[in-house]
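Asks: For reference, the chains in residue letters:
2 protein chains.
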Amino acid sequence: MRSDDDVKNAPQGKDTATAYKLAAKQQEISVTEFFEKNKQILGFDSRSKSLLMGIKEAVDNSLDACEEAGFLPDVTVKVERLNDEDYRIYEEDNGPGIVHKMMPNVFGRLLYGSRFHALRQSRGQQGIGISATVMYGNITTGKPAHIRSKIEGQDEVAWQMDIVIDTKINRPIVSNDKAFVWDGKEHGTSVEYTTKGRYITGKQSIFEYLRDTAIVNPHARIEFHDPEGKKYVFERATEQMPPKSKEIKPHPEGMEIGDLLKYAQNTQQKTVKAFLKNDFSRVTDRIADEILEKASVDPSAKPEKVTREQCIAMIDAITKVKIMAPPTDCLSPIGDTLIKKGLMHILEGMRPDYYATPVTRPPKSVNGNPFVVEAGIVYGGEIPSDGQVTILRFANRVPLLYQQGACVITKAIADIDWRRYGLEQRGGKGIPFGPAIVLVHVASTKVPFTSEGKEAVASYPELQTEISQALKLCARNLKSHLNKMERKSKTHAKFEIVQDLLPDLAKKSAEMLGRPVPDLNRTITKIMNVVWVEPQSKKVDKTSRVITYNIYNYTNTERTFMLHMRLPKECVNLTLFSNPRFRDMNDEGKANWIVEGLAPSQSTQISFDLKGELSDTFDIDDVYISGINPVHVMGADSLPGDWGIKGLEITEADDNDLVDDEEEAAEVEDLGDE
Amino acid sequence: MRSDDDVKNAPQGKDTATAYKLAAKQQEISVTEFFEKNKQILGFDSRSKSLLMGIKEAVDNSLDACEEAGFLPDVTVKVERLNDEDYRIYEEDNGPGIVHKMMPNVFGRLLYGSRFHALRQSRGQQGIGISATVMYGNITTGKPAHIRSKIEGQDEVAWQMDIVIDTKINRPIVSNDKAFVWDGKEHGTSVEYTTKGRYITGKQSIFEYLRDTAIVNPHARIEFHDPEGKKYVFERATEQMPPKSKEIKPHPEGMEIGDLLKYAQNTQQKTVKAFLKNDFSRVTDRIADEILEKASVDPSAKPEKVTREQCIAMIDAITKVKIMAPPTDCLSPIGDTLIKKGLMHILEGMRPDYYATPVTRPPKSVNGNPFVVEAGIVYGGEIPSDGQVTILRFANRVPLLYQQGACVITKAIADIDWRRYGLEQRGGKGIPFGPAIVLVHVASTKVPFTSEGKEAVASYPELQTEISQALKLCARNLKSHLNKMERKSKTHAKFEIVQDLLPDLAKKSAEMLGRPVPDLNRTITKIMNVVWVEPQSKKVDKTSRVITYNIYNYTNTERTFMLHMRLPKECVNLTLFSNPRFRDMNDEGKANWIVEGLAPSQSTQISFDLKGELSDTFDIDDVYISGINPVHVMGADSLPGDWGIKGLEITEADDNDLVDDEEEAAEVEDLGDE
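Chains as they are written, first to last, in this note's numbering: chain Z, 1381 to 2054; chain X, 1381 to 2054.
By construction, these hints were calculated from the structure, which means they are not laboratory data.
Hints are not guaranteed to be accurate.
Heads up, the list lumps identical chains together, so a pair's fine if it works in one copy or across two of them.
Lysine-lysine pairs mimicking DSS-like chemistry, simulated, CA-CA at most 25 Å apart [said to hold, decoys possible]: (1) Lys1744 x Lys2026; (2) Lys1868 x Lys1702; (3) Lys1583 x Lys1791; (4) Lys1576 x Lys1826; (5) Lys1791 x Lys1417; (6) Lys1809 x Lys1791; (7) Lys1852 x Lys1650.
One chain only, chain Z, in its complex shape (with noise of 0.2 Å):
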C-alpha cells in the first residue's frame, strides 16, 4: 500500500536517515480513500447513526430538487429489516428526475454536485451526501445502490442502473445500466440500497428526522414504512409552495485575497472593472471606480493579469468602501406563520398550551454570505416538564439530530438568561428547564457547518447574537402569555368569590338585620376595576372558526378604547369586513377594532369567521388594546411599542390612575420593554 516510486527514489546508503524513511511512505490519498477511513466525519459512525444518515441524504436530495422544479414534494421512505444488521432501504420522490447521462456522477462520485458555486439557499451544496450513502452501502454490504429515475417530459423513459463505487479513483462502477416503463410515474427518481444499520426509535430515530423535517417542510407528503411493515404518514400542511430561492453573485465582503485572485483568474470579462462590476453583487459603476481608485488599479487591466499585490490592496479597498448589503431573495426562510402550522400540525398529541408567535428576524449577512434565523417556542400540555428543555435544530429546512453540543443553536440558547423568561435554569447559564420545545431554523447560502456529516453549525458570533435576538423575541412573548394565564387564573379567583359570595353574604346579612337585600352591581365593579376581554373559538369544522371576543366594562367610568389583533389575512372575510366595529388591516394581517363608550356595567361583543387551511394558526389570546392603561384590562396586553401601528392614547383620568397603581404599573411594563 506505499508508494514504490517514493522508495526507490531514495538515495542510495542514506536509508538510515529518519528524514529517508519518512519520504518514502510519502504519498497522496484519494479523497474517497480520505472518508472511507473516516466515515464518522461523514456522519457514519455508530450503525444506527448510518442507518439515519442515508435516508436524510435521500430525503434532502429530492425536497432539494422537487422545489428547484417547482413540485409539491412526494416522499416515501420504506426501511426493511433483512437479516441482523443489514437492512434494504428505498427512497423514492416526484422530482424532475436525473438526465440519464449524469445518473452514475451524481450517486457514484464524491464531491461532483451541481450547487458546490450556486450561492442560494439549498439543503444539499457539497457534492458528497448521497454519494457517501451509497458508499457506505457499498463497503458494509458489498452490494451495489440501485438507482431509478424519470424525467419530465411525455416522452421521455425511465432508466436504471446498479452503481458502485471505487473509491481507489473516485469514479462510479455502473452495471444492469438500461431503460424501462416506469409504470404510472410521470416523474421523479428512486434510490434503493442495502447497508449495515441498526434500526432504533426514539430520539434521534428515522422517524423523529422524518417528523422534524415535515415540521419545517409544511408543503411535502412525506410517507414512512418501518420495518415492522407499519405506515405513517405526514400529511401536506399547506399547498403553498415555498418561494424559490434565487442564485446570486458572489457579495465583494468578506471575500478573503485567495477567492479574488482565483475569481480574477477564472473570469469571462475584459477588464478589471468590468469584472468587479458584472461578477460581484451590489457593485455598481461607482463602486468599482472607487475601489480601483483606492487600490490604484488600473480600471482597464486584464483581470488574469491582476497580481497578487493588487488583490491585497483591493480586498483592503473593498473595506474601505461602502457597499449594500447582499440581495436576500437567495433565501427562503419558512416564515412565522407556517412555522406555526407546521407546529401546530405535527405537535397537537402533545396539545401544548401556547405556540409563541414564532419570529422571523431580517435578513443579516457574515462575510458576504446572507443568512435569515427564525425561531419558535411550544409550551406546556403534555410537554415533559421534569427534564430539560427540547431543542429542535433546522438548517436550509433540514432537521439536525446529532451533536447539538456543537451547534451555535445550543450555544445560543445556553447563554441567555431563561429565569427572565419564565423557565427554570441553573445560575442563568446553560440549557434551561421546563415544558417548552425551541425550535432554531437558520437558512443561508453557505450555512457553516462543523463536518461534512451537516451535524452542528459552527459558532460564529454574528450568527449566534441573530439567534439569540430571534428567541428573546419569541420567549418575551412567551413570558407575557405566561403572566397574561397567571392574572387571569388570579383574576378569575376573585370574580368567582366576588360574583357567588358577596350576593350571598348581602342576603344573609339583610335577611340578619331585617333590611332590603342591596344592589351590588357597582360595588362588583368597584372592586374589580377591570375591563374583562374574553377570547372564544368554536370550530366549525377543519379549516374554520368563529372567533368570539366578549367585552366586559367593570369598571365605573365609560370606556372607549381599540382591539387589535394579528390575522392570517388568507383567512378572513366579510363577516370581518362587515363589522360594524372592525376599522382597518394592513398587509401583514394586523387588525385594528373600535369600542366607543362602553358604560359602567356593561358588555359587548366583537365576532368574526377565520376560513382557511391556515386558520387555526391564530391564537386569540393574541390580542392587544389600547386607549386604557393597561392595568384596567384583564384578557388584552397592551399594544407593544414596535406592533408598527399606533393604537389610541390612554385619556387624562387614566394616566391619573396610573400614578396610584404604580407598583403594579411597573409591572405590566416590564412586559413591553427589553
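Following the hints, complete the assembly by docking chain X onto the known chain Z.
Replies: Frame of chain Z; chain X shown alone:
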C-alpha cells in the same frame, strides 16, 4: 465557473426541463476548493481560532517528527503582530528534517502524508493540517509560506523555499528554492508564514494550547514568544522519551467488506491464505484455515480474483472465529506517573490540594483499532470552586481546545454521577461543579475525530465506557482522599480536646478533691482507640525528599500490621532497602513494610529518601494498611482488594470489634468497593 462540457452536451430543445438544467450545472469539485470554501471544517473559522490552528498543526508535526527520530523535542513558537489582523508566525523544531524533494508536497498539498495508512499512534495522520495552514495563510494574506529544513547527517546542507498552494489542482507552487547554511543547526525544520488572525489570551489561547501540550508531553521543551515580545518556557519535566509506538498490520475484526476487497486487490501475496496470514495481525495458520473453511473459499485461490460474495462470506466467518486482540505496542500512553508529573510541573502555581493518582487503563480495541484511555483529577487549592470543573481533553498527546460539547470525553464526564465522588452536580448529570481539573487522554492508532479540524472525538460506545471506567477509578481515589481528610480533621479536633483538656480537667478535679492527679495515658488511649499514621515530607533539594511516617498506637492492645505504598521506583535507594521494617518492593514500585508488636501507647517510625526528577510525584497520603481493622486506623486506608498484593490478615480479636462498629466499618468499606 461551470463545466462547459456538460452544458454543451444537453440535448437540443430540451433545455426547459429542470433535469437538463441541473445536469448542466453538475461538476466535480477539487478537494482543495472544497476545504477553501469550508474552512471551518478544518478548524479555520474565527480569526482567533485560525491563528491557534496553524500553530497547533505545526507543533503537532514537530513533536511527531522528533519522536519518530528519537530526539527529545525542542520546539519554538513565535507570534509577531504585523498590523491589525495580520500576524507572522514562526515555528521551529529539532526534528530529523524533511528531504528536499518532499518539502513542497508536505507543506503544499492537501491529503498528502506519510502516516495515513500506518497503524500506530501519531498526532497527524490525515496529511491535511500543515498544508491547510499554508493554504489559509496564502488565501488570507496573499503571501507564501517560507520553509527551511536540514536533515540529520554531517554532510547535509539545509534547504529553504517559498510555497503557495494552487487550490484549483491541489499542488504546491515553489519559488526561491535554494540551499543555505543553517548556522549552528544540526537538524530540524522551520515554517514561517503570514496569516490573518486575532491574538487572544486566556481560554483557547495559544498559551493554553502550549501549556496543555507540555502537560502530556513532559519530555518536550517548548518555548513561546508572544506578540509583546514576552518569552515563556515550558521546560522538560523528564528526559525520558516515550516508548516509540510500533506500526502494526490491520486486525481482521471490524473490517468492512469493502476494506477486505480492497486489501485483496492490492496485496503482494500469491494465495488467499498467505494474504490473510501475512497482511493481517493475529491471523495464524490455523485461524486462516478456519476462516477460509467457514467461508468456503479455496486457500490457494489468487487474492485479486476474490469475489464480492467471497468477501462477504469471509467477513462473516471472521466474526465467528476467535482471534486474539490486536497488539498494543502500536500505542504509547503517557503513564500514570508521567501524567502526574506533567500536571504537577505545569499546575504548581495553582497549589492544588490533591493530585488523584492518574489511571492508565489496559488497552482495548474497537473495530480492530487498539486504544488506551488515561485519566487524572486535580483538586482544591487555588482552582476556582464556583464554576464547572475544568476539562482537559487530549487525543494522541494533543490538547483539544474546541468543540468540547461535541466530544465523547465530555459526554462520558456528564454521564457520571459525580455526587458520589464529592463533586456538586444537578440531578447527577451534566458537567459537575467544584474546584477540580479533570484530564482525559485517548490514544489510538486511529482516533475517530468528528471533523478534519480534529477538535472532538466521536461518540463510540466502547470509547465512552473506557473513559468512564478510568474516570471512576480516579474519582474513587479522590473521594477516598476527601473522606480521609475529613476524618483526619475531625480526629485532629478530638485529639486536641483530649490531649489538652483532659489533663487540665484531671488536674483541677484532683486539686479540688485534694487527691493526686491520675495517670491519663490509658484513658486517652481508650477514648481515641486508633493507630495513628502521620506522614511527613521534607524537601532536601529540587529532586530529593525525606519521607517519614510516624506511627502511634493509641489502642489498648498490642498491634502487628503492614504498611503499603506505591513509590516511583526510579527514586528509591539504599535508605529504603536498608530499613529493617522494609519487606519487599515489586516492579510497579509497590513497597511493603511490617510493624510487629507495637505496644499500646507506644510509637515508631518508618523513614526513607526519594531521589530523582519523579520524586515529587509520590503523594505521602497515599499509604495503605493491612492486618488491622480499618476502623482502628487513622491516616492510612485499608489495602484495596485490587492492589495485587495480599496484605496481612486481620486478627480474630479485631474481627469481633468489627461487629460492634458495624456502621462505621460499612462506611469505610464503601470506599473500597464499586
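Asks: All the hints need checking, so say for each whether the structure fits it.
Replies: Results for each hint:
Taking the closest pair of Cα atoms, Lys1744 and Lys2026 never come within 25 Å of each other, the shortest separation being 27 Å inside a single copy and 70 Å across copies. For the homomeric pair Lys1868 and Lys1702, neither the shortest alpha-carbon distance inside one copy (51 Å) nor that between copies (70 Å) is at most 25 Å. In the homo-oligomer, the alpha carbons of Lys1583 and Lys1791 lie at most 25 Å apart both inside one protomer (21 Å) and across protomers (16 Å), since each shortest distance falls under that limit. For the homomeric pair Lys1576 and Lys1826, the shortest alpha-carbon distance between copies (21 Å) is at most 25 Å, but the shortest distance inside one copy (31 Å) is not.
Only between protomers do Lys1791 and Lys1417 lie at most 25 Å apart by alpha-carbon distance; the minimum there is 24 Å, versus 30 Å within a single protomer. For the homomeric pair Lys1809 and Lys1791, the shortest alpha-carbon distances inside one copy (10 Å) and between copies (18 Å) are both at most 25 Å. Neither within a single protomer nor between protomers do Lys1852 and Lys1650 lie at most 25 Å apart by alpha-carbon distance, with minima of 50 Å and 68 Å respectively.
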